[in-house]
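Protein chains in written order, with our numbering: chain H, 1 to 694; chain Z, 1001 to 1694.
For the record, the hints were derived by calculation from the structure and aren't laboratory data. Check the hints yourself; a few may be wrong.
Claimed, not checked - In silico lysine to aspartate or glutamate, EDC-like type, Cα no more than 16 Å apart, as pairs:
#1 H:Lys228 x H:Asp50
#2 H:Lys204 x Z:Glu1279
#3 Z:Lys1107 x Z:Glu1279
#4 Z:Lys1204 x H:Glu477
#5 Z:Lys1397 x H:Glu477
Every value quoted in this text rests on a predicted model; they were computed, and no experiment measured them.
Spelled out, the chains give:
Number of protein chains: 2
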Amino acid sequence: MQHNQQFFHAHHSPMGALASFTFGEHGDHGGMGLELGAPYEGNIFIGYQDGDGVVNSFPFYKGANDQSERYVQKDDSSTLTERTFSEVERDYRWASDTFSAPGISLKVLSPFFDIPDPALAQHQLLKQASCPAVYVELTLDNTSDKDWTGFFALQGEELRWNKLLDGDANGMVGVTCRNNIGLASNSKHTRAFSHFSVQSALSKMGNNECFMLGPTAGVMIDVKAGEKVTVRLALGFYLDGNVTFNRAMQYYYTQHFTGLNDVLAYALRHYDSYAAIAERADKELLASSLNAHQQYLIAHATRSYYGSTQWLFDGTQSVWVVNEGEYLMMNTLDLTVDMLFFELKKNPWTVKNTLEQFLTQYSFYDEIFDPANPELNFSGGLSFTHDMGVSNNWSPKGESSYEMAGLDRLCFSHMTYEQLTNWVLCCGLYISKTEDRAFATEQRGTLIDGLQSLLNRDNPEPALRDGIMSFESARTEQGGEITTYDSLDHSLGQARGNIYLAGKSWAAYLAIAEVLNQLGETEHAAIALQAAKRCADKLTESFDQELGYVPAVLDGHSKSAIIPAIEALVYPYQMGLTEAVSETGPYASYIKILKSHLKYVLNDEYCLYPDGAWKLSSTADNSWASKIFLNQYVAREILNIPEAFSVEADAAHQRWQTEGASKHACCDQFSSGKPIGSLYYPRCVTNILWLDEK
Amino acid sequence: MQHNQQFFHAHHSPMGALASFTFGEHGDHGGMGLELGAPYEGNIFIGYQDGDGVVNSFPFYKGANDQSERYVQKDDSSTLTERTFSEVERDYRWASDTFSAPGISLKVLSPFFDIPDPALAQHQLLKQASCPAVYVELTLDNTSDKDWTGFFALQGEELRWNKLLDGDANGMVGVTCRNNIGLASNSKHTRAFSHFSVQSALSKMGNNECFMLGPTAGVMIDVKAGEKVTVRLALGFYLDGNVTFNRAMQYYYTQHFTGLNDVLAYALRHYDSYAAIAERADKELLASSLNAHQQYLIAHATRSYYGSTQWLFDGTQSVWVVNEGEYLMMNTLDLTVDMLFFELKKNPWTVKNTLEQFLTQYSFYDEIFDPANPELNFSGGLSFTHDMGVSNNWSPKGESSYEMAGLDRLCFSHMTYEQLTNWVLCCGLYISKTEDRAFATEQRGTLIDGLQSLLNRDNPEPALRDGIMSFESARTEQGGEITTYDSLDHSLGQARGNIYLAGKSWAAYLAIAEVLNQLGETEHAAIALQAAKRCADKLTESFDQELGYVPAVLDGHSKSAIIPAIEALVYPYQMGLTEAVSETGPYASYIKILKSHLKYVLNDEYCLYPDGAWKLSSTADNSWASKIFLNQYVAREILNIPEAFSVEADAAHQRWQTEGASKHACCDQFSSGKPIGSLYYPRCVTNILWLDEK
């Protein structure tokens, strides 16, 4: 790896704790963060003082930050020579992240695995899955003839630390802050310390190892001349009590751990099993046929997904939340539908859990109107809110934190139509992948209502339906709906007449038809299939021979070419409805024109950047990495378009993260490779689909 | 008031909640802060949109801070003309702070009163005293012919708000954040709102009044043309569960209030009684014979004291903590001894509570050594730690957060000798003011041990004692002790031979003698009096005729002149031992030389700044306001020195706060009127003594 590609921030997170040990960028803030939408603004000091007294560190901190001058009239601190390691290697795998430099190796494990269904699984497995810890192995190889002092320390301006005291320590050595974060080791080589800085501690300013006024703390590691010492550390997170508001819930891990010290002790006791899990994940990804760029992107996306997950307990049962990265919106439904593929592979119960939350708390029946006649409302039907709240604040029943009335196709408007397709598609895929018959039966009425709602939004008058959305939700108060591409231009941002969204409604009709057929609701299923056909036909006939593609918005004006015209093919394909996406099946013409469409636009005249990176819309320099990954899968696996197999594109997309977004630990939204929003984001796990490619 | 004197930050705090609504500075951050060592870094928007659409506000915010561009691709927000009020009057009283501008008046009440002894008092009185709220009266006087919309709003980058929902609201209108802070009204004129900013809410960007993604929230107030509306608001604070670490404790108010909404409802329900309490305090100070500068300084100090107080509950009983301002050290004993006079007036039980905490958790018996022979230890005796911890982290038993071994008379060294005198003086004054016989009896052994410890630190060999400290605690590990003037030069900073500290030991001997005599321990009392005499004689004979004063450190080198030579006279005087401080009593010579000393140095050649402000040491440009106030009292009330009655000095000391430290809501440590440490500090309530001056 080149210098500028090896230093980038990455999440290192337990599953479901909305917690992250974020580090890896050069000379920037990082640390252990709880419930944050960005890397913790602290500093990380890892290295050793060699026999000449020189302090050698990895560059994981922003300048020196010694607060002693706040208290001391004169500068009495000794001077130490400091140096950051010049030769640093990084080995970034699915569940391990290893930095090596002369004499030192730092391996950080973020093991992830299938979280068992909490309604069914054994206590022990749930404890294992919910343990809010990250695992660190620090090796110091002192081949010199003088003793070294190694250190692993965290600093944060407002942090004050407690040393683990004998009574609570279970033989561990370590430090904690407010019982919320802490680190511990059970190695005999370690000593806990807290001080103004690593430097002030090493220079023995005062003889207290644990000086409580200092914002820096961690462990010192004694390494004698000629000795090689490996120390294991657990980094633990813990938030007690009710952490959500409007509806009070606790972290699920509080059901299994009495507090931070319990977490630290458990993590150290089970280090071997977590390390084995991490190693299995590393090997699985390495053994795939994906190129190094793709493997990087999957590893990076996976970390950022888990860093955003929040496994809660409402007093009766588990509540699964994925927070929307920097925005911290809870269970944003247009993200759920993208992260679906990952969750269905790992823990399908979380999909069901989220669907049920939407149904009981965040569904509604609205009215709709024709924008040509906004005063006249019609019955609309079932749909779902954009999200469930923000920053641990559950939004009121039937409302999202994001959607605002009175906006006409602008950011923060309602996403009623899109969220309806999203819920239906999640439901269809969940049933198809899990064969959860009981759940399917329960959703009979919902799916029938969803079908009617989709039809009404095409046109309340059946004879006037053309297959795509034409009516707006009255919740916009005479405004206009948008799509998940909310901050893009109207090529993808507006909902009405949008071919991306139309594709999703086609897929939603198919999903409804499939499940209702299984439930014996053949009449409704037939209506759904009829609607799917109508939609596909409308899209097919909208292919503009002159342009060479289907314009993004079927309003007679749009000339934008967009990649996501093909996006929705993923749903029937993943549901096993291969006929539906076949060039010889019932939607053959639609599939063929999508293929022509994509072939025509997948070049740098329309939808590629000069370096081969994908550009979702020809008219906007604004792309979402997660959506690119999803559309790449469709283009390669379903449409088999040769231009979509491009190592150059993968390399470019890796650079977006490692160079463009190196401070943001996985970013979704880019403009020419520069991050412009959706930082610290969970959505890029759409790339898990690549592992399925034949 | 002039412009530059009317805008300064002030705490507005409940008692014992370590919480503050800090505001008042022009164009700077402020807001509702919990457990902070500085003003909350938010913004406060208070004003009204007039009939022409212009938004008029008080200047309590740092620039505009509209986050909408974080989400919106283009700038779609409407433009509004904004204006800050140009004519603002401030009326700053003991418990009310009123800002007036054309059409608007804002009155913020921070009522304080005697907190009853929780071991004895009625539930109802304790509830009243612990209610963690601040009270706001906002009046909008719309004499125009167009409707106005008033607003009171708080903003903080990471804050996300919930509207009070009907079920929980008890008829209130308001907003809360994480159930930790919130504001509510029960006026029919108010509507709750949350949005990106006041501007985006007023410009009706979207129709949602409570947009959950916005960091700004509060109430809008409808004021029709010609109408005058007064709205009462409660600002509430609440932190649930264990808030301290190492030893878990909760806020005392959690014993009386179920949560934030309960606090808000109670505060509004009892608004009248709190307003009456505030008014009584205002009147009391106004009725005093103190000049306006002195009244200002008392009001300012009182606010900052309460903002630092933390009334906890350990599961069995109340635990009183005063946090050390920006440093957040808990119950720093050399502050306790200064705030003692205030606490003995208001709630003497807090003094007893603190003394008992020190005794059970933070006392020890050490060894001592002669600095000339540091390898040889002698038995020292009883003393106390500097503090009890920091930032809600209790330090381990017998240790402070501050004191570090291995330092020779540098900041962070041990303060063993000074803290021993401090505990003894607090104990003596508490017993003398309260006549708490039971407590006195309990302290018999402690006071005898304290006496022996003081004597040993003079010299373990009785024959060699000269009355002042000569031996260092072995806890310094062959370093040297310091005093509360820790960051001053050695004139006040070093403990050994220091005449400020020697004065305190004289007073400590007197206090011990007084209490032990009352307990019938006449033999020990006589030893104490003998020691007091020895100390006074030593100081008297150290008067340097050539210099014209007693040099600060009796080491044969020091030439510094210090005001605090006289400081310790306050203790016997306040204990009623008027003979001891009389020019005709048993220490007549000592008192006379102190008088000569002060008269000689109280001029701008030695210990006055050119503007009349006091300078504690002739050799250091570093003064503590709290200590100045204390020494002013001694100089005027006890020594009756005419030069100490100076309105010019009071005016200068007011300017230190209103101009120098306008951002720091009461600062203690100044260099030529510029704040250099001890910001946001509770200690300045030493000036409560001024109210006793005859």
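Evaluation of the provided hints:
1. H:Lys228 x H:Asp50: holds, 14 Å
2. H:Lys204 x Z:Glu1279: violated, 54 Å
3. Z:Lys1107 x Z:Glu1279: With Cα atoms ~12 Å apart, Z:Lys1107 and Z:Glu1279 stay inside 16 Å; holds.
4. Z:Lys1204 x H:Glu477: holds, 13 Å
5. Z:Lys1397 x H:Glu477: Roughly 64 Å separates the two Cα atoms, so the pair is violated.
Hint compliance for this structure: hints 2, 5 are broken, all remaining hints hold.
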